[in-house]
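A.B. asks: Each chain is listed here by its residues.
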Amino acid sequence: GQQLNQSPQSMFIQEGEDVSMNCTSSSIFNTWLWYKQDPGEGPVLLIALYKAGELTSNGRLTAQFGITRKDSFLNISASIPSDVGIYFCAGRPFGNEKLTFGTGTRLTIIP
Amino acid sequence: GAVVSQHPSRVICKSGTSVKIECRSLDFQATTMFWYRQFPKQSLMLMATSNEGSKATYEQGVEKDKFLINHASLTLSTLTVTSAHPEDSSFYICSAMDSPYGYTFGSGTRLTVV
Chain W
81 GQQLNQSPQS
91 MFIQEGEDVS
101 MNCTSSSIFN
111 TWLWYKQDPG
121 EGPVLLIALY
131 KAGELTSNGR
141 LTAQFGITRK
151 DSFLNISASI
161 PSDVGIYFCA
171 GRPFGNEKLT
181 FGTGTRLTII
191 P
Chain H
847 GAVVSQHPSR
857 VICKSGTSVK
867 IECRSLDFQA
877 TTMFWYRQFP
887 KQSLMLMATS
897 NEGSKATYEQ
907 GVEKDKFLIN
917 HASLTLSTLT
927 VTSAHPEDSS
937 FYICSAMDSP
947 YGYTFGSGTR
957 LTVV
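Same order as they appear, the protein sequences are chains W and H. Just so you know, we're using our numbering here: the first sequence kicks off at 81 and counts up by one. Just so you know, we're using our numbering here: the second sequence kicks off at 847 and counts up by one.
Hints are computed from structural coordinates only; laboratory data are not their basis. It is possible that some hints are incorrect.
Below, in silico cross-link-like pairs of lysine-lysine (DSS-like), each with a Cα-Cα straight-line distance of 30 Å or less [as the list claims (entries may be wrong)]:
#1 W/Lys178 x H/Lys901
#2 H/Lys866 x W/Lys178
#3 H/Lys910 x W/Lys178
Beyond 10 Å from chain H on every Cβ pair, some chain W residues (computed) [as the list claims (entries may be wrong)]:
#4 Glu97
#5 Leu113
#6 Glu121
#7 Gly122
#8 Asp151
#9 Asn155
#10 Thr180
One side only, chain W facing chain H, incomplete, derived with CB under 7 Å [to be verified]:
#11 Thr111
#12 Glu177
#13 Thr183
Even for Gly, the Cβ is constructed at its ideal location relative to N, Cα and C.
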């Protein structure tokens, strides 16, 4: 099945650093969602975006819905140990309930 | 908030046997649920869409006779892996639509076929 291109694939950062990751698609999406997945668990929703150009924050997390509708980014400011995990973007096209997931970004915090 | 309960969380079965995984929406009704499979260090791949009261729709390449889906009520969908083989070992995750644009995921089921 189709997957969205997500980058970077992995990140190794120090606690307190800011993080930025993005997702791109060859097709247009009506909704962009960002999830975090811990080992052995299901994804948990972080931020949902429903309109092109929309910029939404959730605590230290900020995400934007690209104006072309083909991309989205997620920023995490002042990273803390509990931010470790895998982050996935997911897109939903207009008129379709199915989500397409990105390839994931694995975030590791170096002590 | 919306909660989706998935059971079992882990299951080990012998090759050739069948395994049933349950996905329940605890505090909302879900006419549509989704089943995903996730291999180690990979993303979630949609297997099928489960529709209450009707047949599931499967993604290309997913064998409907091997992965039986039943969505008999507005709060329960089940995935049965029939005649399981080691290559079916994976992490299976369900999700349910809790609103027109909202998706809540279960905690996943780790299936190991020996």
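A.B. asks: For this structure, which hints from the list above don't hold up?
C.D. replies: 5, 6, 7 and 10
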